[in-house]
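Colleague: Residues per chain, in single letters:
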Amino acid sequence: MTRLAQGTPVQELLADDPLWLIIGKVIAIFALLVVMTLFMIWFERRVVARMQHRIGPNRVGPFGMLQSLADGLKLAFKEDIRPVLADKWVYFLAPVISTIPAFLAFAVIPMGPEVSIFGERTALQLVDLPVGVLVVLAVAAVGVYGIVLSGWSSGSPYPLLGSLRSAAQVISYEIAMGLAIVSVVLYSGTLSTAGIVEAQAHGWFFWLLPISFVIYMASMVGETNRAPFDLPEAESELVGGFHTEYSSLKFALFFLSEYINMVTVSALATTLFFGGWRAPWPLSAVGDGVLNTGWWPLLWFLGKTLFFLFVFIWLRGTLPRLRYDQFMRLGWKVLVPVALLWFLAVSTIRALRTTQGITSQQILIVGGILLVALLLVTFLLPDRAVRHEETELPVSGSDYPLPPPDLKVPRTPRVRRELGGRHHREGEGDSVPAAQDTGRTAIGSGPGRKEDGDGTP
Amino acid sequence: MGWYVPVMALAALGLALVGATYAIGLLVTVQRRPLVTPPFLAGGLPREHAVSRFHVRWYVVTLLFLAFDMEMVFMYPWAVVVAEVGVEAVVEMFTFLAVLLAGVVYVWREGGLRWT
Numbered sequence: 001m002t003r004l005a006q007g008t009p010v011q012e013l014l015a016d017d018p019l020w021l022i023i024g025k026v027i028a029i030f031a032l033l034v035v036m037t038l039f040m041i042w043f044e045r046r047v048v049a050r051m052q053h054r055i056g057p058n059r060v061g062p063f064g065m066l067q068s069l070a071d072g073l074k075l076a077f078k079e080d081i082r083p084v085l086a087d088k089w090v091y092f093l094a095p096v097i098s099t100i101p102a103f104l105a106f107a108v109i110p111m112g113p114e115v116s117i118f119g120e121r122t123a124l125q126l127v128d129l130p131v132g133v134l135v136v137l138a139v140a141a142v143g144v145y146g147i148v149l150s151g152w153s154s155g156s157p158y159p160l161l162g163s164l165r166s167a168a169q170v171i172s173y174e175i176a177m178g179l180a181i182v183s184v185v186l187y188s189g190t191l192s193t194a195g196i197v198e199a200q201a202h203g204w205f206f207w208l209l210p211i212s213f214v215i216y217m218a219s220m221v222g223e224t225n226r227a228p229f230d231l232p233e234a235e236s237e238l239v240g241g242f243h244t245e246y247s248s249l250k251f252a253l254f255f256l257s258e259y260i261n262m263v264t265v266s267a268l269a270t271t272l273f274f275g276g277w278r279a280p281w282p283l284s285a286v287g288d289g290v291l292n293t294g295w296w297p298l299l300w301f302l303g304k305t306l307f308f309l310f311v312f313i314w315l316r317g318t319l320p321r322l323r324y325d326q327f328m329r330l331g332w333k334v335l336v337p338v339a340l341l342w343f344l345a346v347s348t349i350r351a352l353r354t355t356q357g358i359t360s361q362q363i364l365i366v367g368g369i370l371l372v373a374l375l376l377v378t379f380l381l382p383d384r385a386v387r388h389e390e391t392e393l394p395v396s397g398s399d400y401p402l403p404p405p406d407l408k409v410p411r412t413p414r415v416r417r418e419l420g421g422r423h424h425r426e427g428e429g430d431s432v433p434a435a436q437d438t439g440r441t442a443i444g445s446g447p448g449r450k451e452d453g454d455g456t457p
Numbered sequence: 001m002g003w004y005v006p007v008m009a010l011a012a013l014g015l016a017l018v019g020a021t022y023a024i025g026l027l028v029t030v031q032r033r034p035l036v037t038p039p040f041l042a043g044g045l046p047r048e049h050a051v052s053r054f055h056v057r058w059y060v061v062t063l064l065f066l067a068f069d070m071e072m073v074f075m076y077p078w079a080v081v082v083a084e085v086g087v088e089a090v091v092e093m094f095t096f097l098a099v100l101l102a103g104v105v106y107v108w109r110e111g112g113l114r115w116t
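One line per chain: the protein sequences are A and B, in this order.
First residue of the first sequence? That's 1 in the UniProt record's numbering, and the numbers climb one at a time after it.
First residue of the second sequence? That's 1 in the UniProt record's numbering, and the numbers climb one at a time after it.
Incorrect hints may have been included.
Said to hold, decoys possible - Quick list of in silico lysine to any residue cross-link-like pairs, SDA-like style, CA-CA up to 20 angstroms: (1) A:LYS333 - B:LEU66; (2) A:LYS88 - B:TYR22; (3) A:LYS78 - B:THR29; (4) A:LYS78 - B:ALA98; (5) A:LYS333 - A:VAL214; (6) A:LYS74 - B:GLY112; (7) A:LYS88 - B:THR29; (8) A:LYS333 - B:GLY112; (9) A:LYS88 - B:PHE40; (10) A:LYS333 - B:TYR106; (11) A:LYS88 - B:PRO77; (12) A:LYS78 - B:LEU26; (13) A:LYS74 - B:LEU66; (14) A:LYS78 - B:LEU17; (15) A:LYS88 - B:ALA98; (16) A:LYS333 - B:THR29; (17) A:LYS333 - B:VAL107; (18) A:LYS74 - B:VAL107; (19) A:LYS333 - B:PHE40; (20) A:LYS333 - B:ARG53; (21) A:LYS78 - B:VAL30; (22) A:LYS333 - B:VAL36.
None of these hints come from the bench; they were simulated from the model.
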């Protein structure tokens, strides 16, 4: 409690910011996010194009860099539409609700240590809230409302399905994400983002909590509805998902919020696991940590964030989209249990270290012995018997079953009617033996195994 | 409370951007009134309103999420102080998680997490 009351060094540094500096920072963050969005759309298209042996946008501006600006201008001139069954005001407000919270999360991200701007000492961070991480999670949750309401108010089946999927997806992966973040908080002992970066001065949490990092990476892709988890806007199933019924600049706002959310979760990943603005290892040793002071950290921060953004694009270029049931299974039956178990292990180790005076060396030794024992047990366990199913059905290429060659296909009603009309006196039964005869001849020409399997003498 | 003023300023700037976007859309548009269209159904016409029927499983996920989210609400303050309180706090949290896990195992067994 006392820790929160007296404030961290960063909080004290930020507390005496003059108004012009705060306004400057607000505008800088805002501009950074908008420029990053424009850059990311271009970057994504170029990188995916390169991965697919295409060229990508290269006409507008140098290397096509102004392509996303041109697309934005084009969207402004598109005709606005409104579905006839739409809930008018909610339909109008949904893009607003999804865009504004996207901007907020970046307020608590620390981008650099103490610097001097026009003689004023300050930190490269807008605010350092004592509940910083919770604020990021909270505004991410509010952003979901925009998606849900857009699909709900469109009055159209595809957007409704997209928004329901999106809601279930985001809340499912938020649990895994939250559990991954709790492990970080456990080690840093604070929820303030600047405090978490401070706690990584002697080693990134990426090395300490690798499993949390993997879980966070998976869930951040799920949170932002990106491939391979882009089920809310799965083009092959739902046309455009929750924004099917949106056109013009409303559609552009959804795009904007999606890309800002990507930048935000990447920045949070940097803050939580990659040491925030701290220089990577060989550089951090240069000149007694001179690269960790002044304006240099901004470079490391942006570099690490861009790395995560590249991973987003890389995933999209590599992996196919999951099915929704596979996706939910991964979330609830893999990520959440693994995150819970990992969290239990981390908190046990942490408590033992602080109270019982057990060193990390002892923990590593015990953990190594446990791991070896576990490996031995897995070697001793018998393999699960693999059932070899002798398929009677011929299989071609895929495992889609083909009909057997002696399949008795009944004649179509029309043929039967015509035959019945012609062979009026001979009765209807004569068509069936004929079919069996043709079936037999087909078997006779095929492999002998089939004939035995037929069962007829 | 003073900490949140800059955050609100950022929100206001976001709102200004959205407002400007809507205003530009209105200014450059050829036709003021939006085109009123039937829902997009690849050419078909809807037979009922979209929200008239959807699957019950979304409710199950929501309830499950509420359980987990409440647990996390307790977890964050706990994680901040656990280093000071020590083993007792860990034991208490483990008991709490065990109760929660029993519920999750029950839901899992009953097929609440099954999607096909």
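Colleague: For each hint, tell me whether it holds in the structure or not.
Modeller: Structure-based check of all given hints:
1. Taking the CA atoms of A:LYS333 and B:LEU66, the gap is about 17 angstroms. The hint holds against a cut of 20 angstroms.
2. Simply put, A:LYS88 and B:TYR22 have alpha-carbon atoms about 15 angstroms apart, close enough for the 20 angstroms limit, and the pair holds.
3. A hinted pair counts as satisfied when its Cα atoms are at most 20 angstroms apart, and A:LYS78 with B:THR29 qualifies at roughly 8 angstroms.
4. Distance hint between A:LYS78 and B:ALA98 is unfulfilled; the C-alpha atoms sit about 55 angstroms from each other, more than 20 angstroms.
5. For the given pair, A:LYS333 sits about 16 angstroms from A:VAL214 by alpha-carbon distance, which is consistent with the 20 angstroms threshold.
6. Restraint check: the Cα-Cα separation between A:LYS74 and B:GLY112 comes to about 46 angstroms, which exceeds 20 angstroms; the hinted pair is violated.
7. A threshold of 20 angstroms between alpha carbons decides the hint, and for A:LYS88 with B:THR29 the separation of about 19 angstroms falls inside it, so the pair holds.
8. The straight-line distance between the Cα atoms of A:LYS333 and B:GLY112 is roughly 11 angstroms, inside the 20 angstroms bound, and the hint therefore holds.
9. For the given pair, A:LYS88 sits about 17 angstroms from B:PHE40 by alpha-carbon distance, which is consistent with the 20 angstroms threshold.
10. Simply put, A:LYS333 and B:TYR106 have alpha-carbon atoms about 13 angstroms apart, close enough for the 20 angstroms limit, and the pair holds.
11. Taken as a hint, the A:LYS88 and B:PRO77 pair is broken in the structure, with Cα atoms around 41 angstroms apart against an allowance of 20 angstroms.
12. About 11 angstroms separates the Cα atoms of A:LYS78 and B:LEU26, which keeps this hinted pair within 20 angstroms; it holds.
13. For a cut-off of 20 angstroms, the pair hint linking A:LYS74 to B:LEU66 is broken: about 42 angstroms separates their Cα positions.
14. For the hint linking A:LYS78 to B:LEU17, the alpha-carbon distance of about 19 angstroms falls within 20 angstroms, and the restraint holds.
15. For the given pair, A:LYS88 sits about 46 angstroms from B:ALA98 by alpha-carbon distance, which is inconsistent with the 20 angstroms threshold.
16. A threshold of 20 angstroms between alpha carbons decides the hint, and for A:LYS333 with B:THR29 the separation of about 49 angstroms lies outside it, so the pair is violated.
17. Taking the CA atoms of A:LYS333 and B:VAL107, the gap is about 11 angstroms. The hint holds against a cut of 20 angstroms.
18. A C-alpha spacing of about 49 angstroms is found between A:LYS74 and B:VAL107, which places the hinted pair above 20 angstroms, so the restraint is violated.
19. Taking the CA atoms of A:LYS333 and B:PHE40, the gap is near 35 angstroms; set against the 20 angstroms cutoff, the hint is violated.
20. A C-alpha spacing of about 28 angstroms is found between A:LYS333 and B:ARG53, which places the hinted pair above 20 angstroms, so the restraint is violated.
21. Pair hint A:LYS78 plus B:VAL30 holds up; C-alpha atoms about 9 angstroms apart against a cutoff of 20 angstroms.
22. Only pairs whose Cα atoms come within 20 angstroms are accepted, and A:LYS333 paired with B:VAL36 is rejected, the gap being roughly 44 angstroms.
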